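Chains as they are written, first to last, in the UniProt record's numbering: chain E, 1 to 79; chain V, 1 to 79.
None of these hints come from the bench; they were simulated from the model.
The calculated BS3-like cross-link candidates involving lysine-lysine, where the alpha carbons are at most 30 Å apart (straight line), are:
#1 V:Lys-40 <-> E:Lys-55
#2 V:Lys-19 <-> E:Lys-55
#3 E:Lys-10 <-> E:Lys-55
#4 V:Lys-10 <-> E:Lys-2
Source: prediction; values computed, not measured.
2 protein chains.
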Amino acid sequence: MKARVYVMPKAGVLDPQGKAISHALEGLGFAGVNDVRAGKVIELDLTETDPAKAKSAAEDMARKLLANTVIESFRVELA
Amino acid sequence: MKARVYVMPKAGVLDPQGKAISHALEGLGFAGVNDVRAGKVIELDLTETDPAKAKSAAEDMARKLLANTVIESFRVELA
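Could you put together the complete structure from these sequences and hints?
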């Protein structure tokens, strides 16, 4: 079963990558971009077939490795 | 209106970041991980309020800057 972990910088945390993208978009002539935040998606292919167990395993992985919970928040979705 | 652009490496394209995560998860004792793919999410806060126009603008940004369409595929979602 597949799980997707979305990791985003928390609100209020400086996001230099997002800022760089925002400036680049402006430079390319895209107007009307107020804010850009850049995060990560990690797609996990798990052998676990029970949705509840797969989700809790993915959350555990996110907490221990994929996200830095001091500055990042994460969300797990099963696909 | 907010748009999210998901950028993933295309199937068949080598994903060293995903491989590194996979090995790290194994090292941490997580079993049952078959495959890991690592991608990006870019959250755009656009002034455009028309959903169709916002989506097409975000797709345009993805094609021109956010994704390298030779090796990456992208998907736009409005939030």
